[in-house]
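**Q** Spelled out, the chains give:
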Amino acid sequence: MTNDLISGYPIARTQSVQEVAVLLHPRVVKKGQRLPIEAIFTNAPTGFVDVAFSCSDGQFVGSDGSPSTTFTTSASGATLRGFTFWRRAEAVWIAPDSPGRVTLQATLSIPNVYEYTPKDVRPAGAGFSQDETRGWVLITADNSIGQPLSIYVTVEPVPYSGGHQHHSSGRSAGTCTPWEGILVGAYSTTYIAPEVCREAKIKVIPSASFPFNPQPPQPHDTAEVFVPGLQMNYNDISLQWGGLFDINADWRPPHYEHRRGRQVDFSNADNLPADLQRALRGIIGQYGGEVRNEGNHWHVRF
Amino acid sequence: MRAITGMCVFSLVVISCVSMAQRATESNPLAKRLLKPAGAIRTGNVDNVGQVRHLKDTGDYLFVWKGLDGRTVQATYVPEWKAQVTLFVSVRRESDNTWRYLYTLRNLPRSPLQVTAVYMLTNVQPLRVWVEKGWRFVGVVNTYKGKAHKFAENLLVGTSSPLKPGGELRFQVLSKYPPAVVDCYVSTDAPIIRVPEEMPTALADRLPRGFEGGLHGYTLAPTDSLTPERFLEQWRVAIRVGWVTDKPLARQLTEHVEEAVRAVGRGNRSAARDALAAIQKLVGQHQKHIEPEAQALLLESLPYIVR
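Protein chains in written order, with our numbering: chain A, 127 to 428; chain B, 616 to 922.
If you're looking for bench data, these hints aren't it; they were derived computationally from the structure.
Just so you know, even glycine gets a beta-carbon here, dropped at the ideal spot from N, CA and C.
Do not take every clue at face value.
From chain B, some residues computed to sit far from chain A (all C-beta separations above 10 angstroms) [claimed, not checked]:
no.: 1; residue: Pro727
no.: 2; residue: Gln740
no.: 3; residue: Ser802
no.: 4; residue: Met814
no.: 5; residue: Arg884
no.: 6; residue: Leu914
One side of the interface only, derived from the structure: several residues of chain B facing chain A at Cβ under 8 angstroms [what the hints assert, rightly or not]:
no.: 7; residue: Gly754
no.: 8; residue: Val755
no.: 9; residue: Val756
no.: 10; residue: Thr758
no.: 11; residue: Glu768
no.: 12; residue: Pro777
no.: 13; residue: Arg809
no.: 14; residue: Glu812
no.: 15; residue: Pro815
no.: 16; residue: Ala819
no.: 17; residue: Leu822
no.: 18; residue: His831
no.: 19; residue: Gly832
no.: 20; residue: Tyr919
Could you build all of it, start to finish, from the sequences and the hints given here?
**A** Put into structure tokens, the structure is as follows:
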């Protein structure tokens with residue numbers, strides 16, 4: 127009795143896993159038969175990478191000779207074909223005693239999931255210096271044999287970060303320069319923040335790309351201040367981390383400013399008596415501010 | 616000594632005496648004493664987002680840019696510095712070794728705006744302050760330029776009002792410190808620029824901020840940090856702004872001032888006193904060419920240093 131067919135399939139894709147086809151020869155085996163199988167990974171990183179074999183039925187011969195439903199080994203070889211490396215892993219599989227269709231899988235774990243979140247990078251277009259809007263990203267690998275690893279850098283925004291209370295795929299994540307290269311021990315790239323920014327995740331992987339996210343004003347940027355006998359409301363000073371304050375949750379102005387806490391809107395200033403308006407304006411000027419009347423509120427900038 | 620920082624209404628008798636003394640010393644034409652615009656607005660195209668135009672007929676500025684919906688929008692900025700304002704000060708030594716500062720703020724009849732506040736940069740708490748009705752001494756306030764004496768319309772009483780064109784406001788400060796040249800800034804009630812939507816930042820950057828939107832000038836105020844070096848700097852400011860109207864006289868006085876300051880620096884009090892005596896003599900001979908502010912510096916501040 128033989129299994130009618132056992133075939134290799136492209137495998138799971140996760141953050142740290144690369145797809146692979148498991149090659150099996152022959153494709154029809156006898157029950158209990160021991161067969162060498164191999165997995166070939168394209169575009170794989172060099173260095174020590176783990177390959178985990180698994181099967182829906184049957185067992186693998188473990189490194190100590192005992193049978194197991196899974197088997198982990200290291201990928202070998204690093205054949206450069208074109209611009210990508212090909213890696214190979216081998217295992218010995220024991221066919222099950224009962225007939226049926228069996229799926230064999232092999233997944234490759236990249237030594238590190240190279241995630242870097244630049245800290246304290248300020249949004250572009252908010253008056254911060256170039257240095258403040260850029261983050262230096264140093265990438266290191268634990269491929270101790272020091273072979274080159276071709277990498278891609280991806281950037282994704284952290285949802286709802288920076289005070290934005292909305293989230294969509296339209297949110298810019300910023301860029302990295304360069305986007306790709308060859309990692310040998312260490313590699314550096316520069317993260318350049320966009321206008322809407324709080325934090326971004328930078329991922330370094332041999333291939334694949336990752337999606338992204340966004341957010342809005344939070345209640346804590348609204349507060350109250352008092353002028354003689356009257357309550358004044360002010361709002362929209364800045365998002366938590368600055369940058370474009372898209373009050374309409376569309377990644378666009380009307381707020382050109384309000385990007386780093388130097389501007390504020392006084393929502394009811396226009397309703398104050400004339401003498402209090404003069405006094406308020408005087409106090410704003412006294413502290414180096416400037417006032418514009420935007421119809422239903424005062425826009426004040428310092 | 617008692618420090619009074621609140622508003623005091625002074626008697627008509629006092630004000631009339633002071634007023635006569637002040638007017639007698641105001642020899643300079645008003646036009647020469649006008650406070651100047653503290654800032655400036657650059658006109659022309661702005662980073663491809665809009666432009667700023669100066670409207671020569673009104674003195675206002677037109678800000679033009681493309682709005683969020685693509686249509687051209689514009690707003691008119693009326694600078695506070697359109698007001699025509701003068702600020703005079705004379706200083707009188709009192710019998711108790713204090714100094715009385717007598718200020719007269721005038722909003723000239725042709726001024727198109729009302730004056731709302733005056734700031735004089737000094738950190739000295741006055742011993743006493745008198746202000747005419749409707750205004751008050753707010754106190755020694757923090758500003759982005761430093762501490763300042765602030766005088767403003769008094770919102771705490773029903774009669775508050777800005778200083779109208781043609782109006783005059785007098786106030787006095789009593790201090791135990793001698794006069795020094797300080798910056799003064801004047802705010803007016805120019806209408807706040809109305810914009811249909813938020814102005815692009817590059818364009819908004821052209822708008823003056825803080826005191827830059829108003830008037831600027833120099834006046835005298837008490838200082839507790841007068842040194843020979845600082846006095847010399849202040850004297851040069853006084854010459855530059857025209858408080859000595861005769862140039863040869865200004866040069867002559869400056870030479871004596873420098874001599875006195877050098878002598879004080881060397882510790883040679885005798886030489887300093889000689890220079891001071893020469894200055895006092897010149898001031899006595901040429902009073903009409905020396906504004907009260909310059910006289911106060913020479914006759915009150917310099918002796919304070921020499922002593």
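**Q** So, for every hint listed, does it hold in this structure?
**A** Here is what the structure says about each hint:
With a least CB separation of 16 angstroms from chain A, B/Pro727 remains clear of the 10 angstroms interface cut-off, as annotated. Under the 10 angstroms C-beta cut-off, the non-interface status given to B/Gln740 relative to chain A holds; the minimum distance is some 18 angstroms. For B/Ser802, the requirement that its beta carbon stay farther than 10 angstroms from each beta carbon of chain A is not met, with the minimum near 5 angstroms. Separation of B/Met814 from chain A is inadequate, the least Cβ-Cβ distance of about 7 angstroms not exceeding the 10 angstroms criterion.
Distance check for B/Arg884 against chain A: the nearest CB is about 42 angstroms away, which clears 10 angstroms, and the non-interface claim stands. Every CB of chain A is more than 10 angstroms from the CB of B/Leu914 (nearest about 33 angstroms), matching its label as outside the interface. For the restraint placing B/Gly754 at the interface with chain A, the shortest Cβ-Cβ distance is roughly 12 angstroms, beyond the 8 angstroms limit, so the hint is violated. The beta carbon of B/Val755 comes no nearer than 12 angstroms to any beta carbon in chain A, farther than 8 angstroms, and the hint placing it at the interface is violated.
At about 7 angstroms, the closest approach between the beta carbon of B/Val756 and any beta carbon in chain A falls short of 8 angstroms, and the interface hint on this residue holds. Look at B/Thr758: its Cβ gets to within about 5 angstroms of chain A, closer than 8 angstroms, so that hint holds up. At its closest, the beta carbon of B/Glu768 sits 7 angstroms from a beta carbon of chain A; the interface hint therefore holds under the 8 angstroms criterion. Proximity of B/Pro777 to chain A holds as hinted, the smallest CB-CB distance being about 7 angstroms (cut-off 8 angstroms).
Checking B/Arg809 against chain A: minimum C-beta separation of about 5 angstroms stays under 8 angstroms; hint holds. At about 6 angstroms, the closest approach between the beta carbon of B/Glu812 and any beta carbon in chain A falls short of 8 angstroms, and the interface hint on this residue holds. About 5 angstroms separates the beta-carbon of B/Pro815 from the nearest beta-carbon of chain A, less than 8 angstroms, and the hint is met. Restraint check, B/Ala819 versus chain A: the minimum CB separation of about 7 angstroms is within 8 angstroms; hint holds.
A least Cβ separation of about 5 angstroms between B/Leu822 and chain A falls short of the 8 angstroms threshold, and the interface hint therefore holds. At about 12 angstroms, the closest approach between the beta carbon of B/His831 and any beta carbon in chain A exceeds 8 angstroms, and the interface hint on this residue is violated. Checking B/Gly832 against chain A by beta carbon gives a least distance of about 16 angstroms; that is not within 8 angstroms, so the hint is violated. The criterion of a C-beta within 8 angstroms of any C-beta in chain A is not met by B/Tyr919, whose closest approach is roughly 30 angstroms, and the hint is violated.
Hint violations for this structure: numbers 3, 4, 7, 8, 18, 19, 20, all remaining hints satisfied.
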